[in-house]
Amino acid sequence: MANPGGGAVCNGKLHNHKKQSNGSQSRNCTKNGIVKEAQQNGKPHFCDKLIVESFEEAPLHVMVFTYMGYGIGTLFGYLRDFLRNWGIEKCNAAVERKEQKDFVPLYQDFENFYTRNLYMRIRDNWNRPICSAPGPLFDVMERVSDDYNWTFRFTGRVIKDVINMGSYNFLGLAAKYDESMRTIKDVLEVYGTGVASTRHEMGTLDKHKELEDLVAKFLNVEAAMVFGMGFATNSMNIPALVGKGCLILSDELNHTSLVLGARLSGATIRIFKHNNTQSLEKLLRDAVIYGQPRTRRAWKKILILVEGVYSMEGSIVHLPQIIALKKKYKAYLYIDEAHSIGAVGPTGRGVTEFFGLDPHEVDVLMGTFTKSFGASGGYIAGRKDLVDYLRVHSHSAVYASSMSPPIAEQIIRSLKLIMGLDGTTQGLQRVQQLAKNTRYFRQRLQEMGFIIYGNENASVVPLLLYMPGKVAAFARHMLEKKIGVVVVGFPATPLAEARARFCVSAAHTREMLDTVLEALDEMGDLLQLKYSRHKKSARPELYDETSFELED
Amino acid sequence: MATATEQWVLVEMVQALYEAPAYHLILEGILILWIIRLLFSKTYKLQERSDLTVKEKEELIEEWQPEPLVPPVPKDHPALNYNIVSGPPSHKTVVNGKECINFASFNFLGLLDNPRVKAAALASLKKYGVGTCGPRGFYGTFDVHLDLEERLAKFMKTEEAIIYSYGFATIASAIPAYSKRGDIVFVDRAACFAIQKGLQASRSDIKLFKHNDMADLERLLKEQEIEDQKNPRKARVTRRFIVVEGLYMNTGTICPLPELVKLKYKYKARIFLEESLSFGVLGEHGRGVTEHYGINIDDIDLISANMENALASIGGFCCGRSFVIDHQRLSGQGYCFSASLPPLLAAAAIEALNIMEENPGIFAVLKEKCGQIHKALQGISGLKVVGESLSPAFHLQLEESTGSREQDVRLLQEIVDQCMNRSIALTQARYLEKEEKCLPPPSIRVVVTVEQTEEELERAASTIKEVAQAVLL
Numbered sequence: 001m002a003n004p005g006g007g008a009v010c011n012g013k014l015h016n017h018k019k020q021s022n023g024s025q026s027r028n029c030t031k032n033g034i035v036k037e038a039q040q041n042g043k044p045h046f047c048d049k050l051i052v053e054s055f056e057e058a059p060l061h062v063m064v065f066t067y068m069g070y071g072i073g074t075l076f077g078y079l080r081d082f083l084r085n086w087g088i089e090k091c092n093a094a095v096e097r098k099e100q101k102d103f104v105p106l107y108q109d110f111e112n113f114y115t116r117n118l119y120m121r122i123r124d125n126w127n128r129p130i131c132s133a134p135g136p137l138f139d140v141m142e143r144v145s146d147d148y149n150w151t152f153r154f155t156g157r158v159i160k161d162v163i164n165m166g167s168y169n170f171l172g173l174a175a176k177y178d179e180s181m182r183t184i185k186d187v188l189e190v191y192g193t194g195v196a197s198t199r200h201e202m203g204t205l206d207k208h209k210e211l212e213d214l215v216a217k218f219l220n221v222e223a224a225m226v227f228g229m230g231f232a233t234n235s236m237n238i239p240a241l242v243g244k245g246c247l248i249l250s251d252e253l254n255h256t257s258l259v260l261g262a263r264l265s266g267a268t269i270r271i272f273k274h275n276n277t278q279s280l281e282k283l284l285r286d287a288v289i290y291g292q293p294r295t296r297r298a299w300k301k302i303l304i305l306v307e308g309v310y311s312m313e314g315s316i317v318h319l320p321q322i323i324a325l326k327k328k329y330k331a332y333l334y335i336d337e338a339h340s341i342g343a344v345g346p347t348g349r350g351v352t353e354f355f356g357l358d359p360h361e362v363d364v365l366m367g368t369f370t371k372s373f374g375a376s377g378g379y380i381a382g383r384k385d386l387v388d389y390l391r392v393h394s395h396s397a398v399y400a401s402s403m404s405p406p407i408a409e410q411i412i413r414s415l416k417l418i419m420g421l422d423g424t425t426q427g428l429q430r431v432q433q434l435a436k437n438t439r440y441f442r443q444r445l446q447e448m449g450f451i452i453y454g455n456e457n458a459s460v461v462p463l464l465l466y467m468p469g470k471v472a473a474f475a476r477h478m479l480e481k482k483i484g485v486v487v488v489g490f491p492a493t494p495l496a497e498a499r500a501r502f503c504v505s506a507a508h509t510r511e512m513l514d515t516v517l518e519a520l521d522e523m524g525d526l527l528q529l530k531y532s533r534h535k536k537s538a539r540p541e542l543y544d545e546t547s548f549e550l551e552d
Numbered sequence: 001m002a003t004a005t006e007q008w009v010l011v012e013m014v015q016a017l018y019e020a021p022a023y024h025l026i027l028e029g030i031l032i033l034w035i036i037r038l039l040f041s042k043t044y045k046l047q048e049r050s051d052l053t054v055k056e057k058e059e060l061i062e063e064w065q066p067e068p069l070v071p072p073v074p075k076d077h078p079a080l081n082y083n084i085v086s087g088p089p090s091h092k093t094v095v096n097g098k099e100c101i102n103f104a105s106f107n108f109l110g111l112l113d114n115p116r117v118k119a120a121a122l123a124s125l126k127k128y129g130v131g132t133c134g135p136r137g138f139y140g141t142f143d144v145h146l147d148l149e150e151r152l153a154k155f156m157k158t159e160e161a162i163i164y165s166y167g168f169a170t171i172a173s174a175i176p177a178y179s180k181r182g183d184i185v186f187v188d189r190a191a192c193f194a195i196q197k198g199l200q201a202s203r204s205d206i207k208l209f210k211h212n213d214m215a216d217l218e219r220l221l222k223e224q225e226i227e228d229q230k231n232p233r234k235a236r237v238t239r240r241f242i243v244v245e246g247l248y249m250n251t252g253t254i255c256p257l258p259e260l261v262k263l264k265y266k267y268k269a270r271i272f273l274e275e276s277l278s279f280g281v282l283g284e285h286g287r288g289v290t291e292h293y294g295i296n297i298d299d300i301d302l303i304s305a306n307m308e309n310a311l312a313s314i315g316g317f318c319c320g321r322s323f324v325i326d327h328q329r330l331s332g333q334g335y336c337f338s339a340s341l342p343p344l345l346a347a348a349a350i351e352a353l354n355i356m357e358e359n360p361g362i363f364a365v366l367k368e369k370c371g372q373i374h375k376a377l378q379g380i381s382g383l384k385v386v387g388e389s390l391s392p393a394f395h396l397q398l399e400e401s402t403g404s405r406e407q408d409v410r411l412l413q414e415i416v417d418q419c420m421n422r423s424i425a426l427t428q429a430r431y432l433e434k435e436e437k438c439l440p441p442p443s444i445r446v447v448v449t450v451e452q453t454e455e456e457l458e459r460a461a462s463t464i465k466e467v468a469q470a471v472l473l
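Sequence order for the protein chains is Z and P.
My numbering applies: residue 1 is where the first sequence begins, and numbers increase by one.
My numbering applies: residue 1 is where the second sequence begins, and numbers increase by one.
No lab work stands behind these hints: they were computed from the structure.
Do not take every clue at face value.
[Unchecked claim] Below, computed lysine-lysine pairings styled on PhoX-like, alpha-carbon distance capped at 25 Å:
hint, chain 1, residue 1, chain 2, residue 2
1, P, Lys127, Z, Lys176
2, Z, Lys244, P, Lys180
3, Z, Lys98, P, Lys268
4, Z, Lys217, Z, Lys482
5, P, Lys437, Z, Lys209
6, Z, Lys384, Z, Lys328
7, Z, Lys101, P, Lys230
8, Z, Lys101, P, Lys465
9, Z, Lys209, P, Lys92
10, P, Lys234, P, Lys222
11, Z, Lys416, P, Lys126
12, P, Lys154, Z, Lys98
13, Z, Lys160, Z, Lys482
14, Z, Lys185, P, Lys127
15, P, Lys98, Z, Lys300
16, P, Lys384, P, Lys268
17, Z, Lys244, Z, Lys217
18, P, Lys75, Z, Lys209
19, Z, Lys273, Z, Lys217
20, Z, Lys160, P, Lys127
21, P, Lys127, Z, Lys101
22, Z, Lys416, Z, Lys330
23, P, Lys154, P, Lys367
24, Z, Lys160, P, Lys126
25, Z, Lys273, Z, Lys209
26, Z, Lys273, P, Lys57
[Stated by the list, open to error] Take a look, some chain P residues computed to stay more than 10 Å from chain Z by CB distance:
hint, residue
27, Leu111
28, Asp113
29, Pro258
30, Asn309
31, Gln428
A quick note: this is a predicted structure, and the numbers were derived from the prediction, not measured.
Quick reminder that beta carbons are idealized off the backbone N, C-alpha and C, glycines included.
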């Protein structure tokens, strides 16, 4: 099937969003400096902060038109398949070799219906090649198609200085080389790029050890281990933690890598509704009370898999409630902080810091270095016994190459910056700038009347487009205005909830964001995207904040 | 007469009914209703409903004690004390503070600290920085990636190539992109762990054949053919794959590709070939096992290899016909859902390919060196050499096991440690013993690279010989 992004559908069922139109939910927090809207809500022993997390429902007519759009697309698809079958329309798809025509087809033609007839028409909006660092401005290579997106041809021209709203460059640490990256150059010159061995054999470098110690220190936990690929960190370590006779409770919107890891583990998997603690508690209760199906033996252990920030929804995990549940039912908690580490919390230490919790309350802290740190790879951190166990039993440590030394150095540099070990406050400024940019951007979009999903503190901002035709029109028009956006549709989202996803970065200046917002305002009127029926509240105080430039 | 009597009886009955007292009628009515109820109700009672009370539930929750998340690891576990390499793991390397000649890293062509590769990576670092901050679909496609894919396709003489950001994830993602539940995969028992994980993720039916035993494979294929004839409808939609490695990581042996191709056409099963060890090693130009045997590369449906061994970068690639490879761009999980390869690693791989193309003689040199040490290591009492003489990674196993795997491992580790003291860096081949489908016997893996000189190879062989004799006798 076509999976242009995101991992929602791989859980085997389409999710139905919990619509929290009333939005505000309260949860406990610490007295941190960033979030100021603390308010009391009747439980005096908690210091509650108001978290605005909304999933507004679309008006009925929008839904009707959306399904109509898909219906018409499907009808035309059938028509064109019919024409292709009869040889009236030329079929551009690659075909099987002559010698192997009598083999069982490699993939079902039917599987590709969606790809061939819907995705192909708007394919130019994905995989756009770029030829510069993925900083706040990047250069997109212009390409055209002479055969309705079956193939692309590069014109040789480059669209310069497109505003990048698509890369997960939360802290702006992915940038082209400058003097601050000198250490990476040095490491590259000494070590080279590869390692050519595994951690267990001859691939543990002193650089890896340095990095692991620093990660543990950054996260304020006992130990950490790093891996060469973020995706594989999940898929190759979950099987080391749980197995047959164990139960995994997984959020329905978890990333594919978590789903794959859960499947490879051989444990039983049950899915709870997205960020829904009632649904989770029910599953937990039933699991503990009734044990395994058929054999009725008690479960060996229960592992809850959640993400810190969900990349397609912009929602933040309801961590305090989940920790309370995990304690009550003695389950273990595994958090994937791919989109939250570095980006959430007053000093960028992720969701535990955001909620003011001790990181040791979470059993397994996982995260990636791809996003905030502008590198690649992933880590698992927690108690020493956990990490020691993984050092011995992780599939990745035994069978996969270890991390490239210059990549490790980029992470070390980023961590030192965020922790302020470089002697400046630049890292902290970046984290704070990101929080400001995020709230400014979300606030303005809301006021313009767009439906945007998620938590007001999440730097991933999904803007709902709904209709498949608008997805393509939106992305193409935005590129014309020199703004690079990411659009996502089925199967990464529910069929009727296609969306654009912006990733706010600390490196975005106020001017860049204003340019984007202006273009969005225009686009919203042109394509009639302002679906929201909520009253718009003006919060002028947000606009008074002056953005400060990051010194490069 | 008879009719009169009957009439009389009827009349009498009706009359009796009239005369009967009310309580009698009511009683009879109740009795009739009772009989009806008995007739229609179940004759036995179902088991008592056994709903737990809230209190009982709370007690159960209170009672349940899970296993610890991870069992404790003994402090002296050998895997906890990794060898720590300071500086680059290239030809001469510092392991645990001691300078050694590296016979453990898969740096076959010595490209790991090649200045040209470093310069190319540095140029890329200057232009692109380090990370890509996104998957290929969302602005994670850089011109460098497209270049590398084109270069790999051209080098391998295939239509298309696709790159992954991690070697392990390559074949592990490629297999489940095609093979689904209900499909059948014939796989060699010695297949490496990445293949095993790919097969597990695919949830297909797995049939293991004896290592490199074509008769055994044919037996399984025949069995399947008979099965298919019984159920031709199902057979029409059941894909069949043969998954093999070019050079086997776990045994150092080469796969009999010509026979496999014959079987492929005879039984209509597609071949997936894992070439992580043979790419950049076998064949006149380093194109791998297809070139070695002179087989048309189009006869192999998919070739996968990592760029972490011969190319000394990070990542992996698959190549083949567009019809096959293009499918992975939307179905390869490790491709779609993972951040793309950092451009500097892609640039390093391109430069490594350049070097390979410019120096085709390098492969013959490597082959010669493999042969040399292979020969020199024969005849050590207590140790046997496992693997082809043309394989740059082969194994030394105990001739006779002591009977316990633990004891074997300890003996081999003793040899490795003593070699390390004498400046020869070796390592045991490590496995997750409980996870492997067919666990290979413990062994020391020897890796040959073009940088090792003849004297060094001689020295390594004689060192291993002496140490083994001291440890094993």
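Checked hints:
1. Lys127/P / Lys176/Z: holds, 6 Å
2. Lys244/Z / Lys180/P: It holds: about 22 Å lies between the C-alpha atoms, which stays within 25 Å.
3. Lys98/Z / Lys268/P: Answer holds: lysine 98/Z to lysine 268/P is near 13 Å, not above 25 Å.
4. Lys217/Z / Lys482/Z: Violated - the C-alpha atoms of lysine 482/Z and lysine 217/Z are around 41 Å apart, more than 25 Å.
5. Lys437/P / Lys209/Z: violated, 31 Å
6. Lys384/Z / Lys328/Z: Distance of about 24 Å is within 25 Å: holds.
7. Lys101/Z / Lys230/P: Cα-Cα ~23 Å, so holds.
8. Lys101/Z / Lys465/P: violated, 55 Å
9. Lys209/Z / Lys92/P: holds, 21 Å
10. Lys234/P / Lys222/P: holds, 16 Å
11. Lys416/Z / Lys126/P: Within the cut-off at roughly 21 Å; holds.
12. Lys154/P / Lys98/Z: holds, 22 Å
13. Lys160/Z / Lys482/Z: Holds - the C-alpha atoms of lysine 482/Z and lysine 160/Z are around 8 Å apart, at most 25 Å.
14. Lys185/Z / Lys127/P: holds, 12 Å
15. Lys98/P / Lys300/Z: Given that 25 Å is the threshold and the Cα spacing comes to 45 Å, the pair is violated.
16. Lys384/P / Lys268/P: Between lysine 384/P and lysine 268/P the Cα gap is close to 38 Å, so the pair fails against 25 Å, i.e. violated.
17. Lys244/Z / Lys217/Z: Distance of about 34 Å is beyond 25 Å: violated.
18. Lys75/P / Lys209/Z: holds, 18 Å
19. Lys273/Z / Lys217/Z: At roughly 34 Å apart (the allowed maximum being 25 Å), lysine 217/Z and lysine 273/Z break the hint.
20. Lys160/Z / Lys127/P: holds, 15 Å
21. Lys127/P / Lys101/Z: Given pair lysine 127/P, lysine 101/Z is violated - Cα atoms ~46 Å apart, limit 25 Å.
22. Lys416/Z / Lys330/Z: Given pair lysine 416/Z, lysine 330/Z is violated - Cα atoms ~36 Å apart, limit 25 Å.
23. Lys154/P / Lys367/P: holds, 24 Å
24. Lys160/Z / Lys126/P: holds, 18 Å
25. Lys273/Z / Lys209/Z: With a Cα-Cα distance of about 39 Å, the restraint between lysine 273/Z and lysine 209/Z is violated, given a limit of 25 Å.
26. Lys273/Z / Lys57/P: holds, 23 Å
27. Leu111: violated, 8 Å
28. Asp113: Non-interface label fails for aspartate 113/P: nearest chain Z Cβ at 5 Å, not farther than 10 Å.
29. Pro258: Consistent with the label, proline 258/P stays out of reach of chain Z, its closest Cβ about 16 Å off (over 10 Å).
30. Asn309: Given a closest Cβ separation of 6 Å, the condition is violated.
31. Gln428: At roughly 8 Å from the nearest Cβ of chain Z, glutamine 428/P sits no farther out than 10 Å, so the non-interface label is violated.
The structure fails to meet hints 4, 5, 8, 15, 16, 17, 19, 21, 22, 25, 27, 28, 30 and 31 from the earlier list, while all remaining hints are met.
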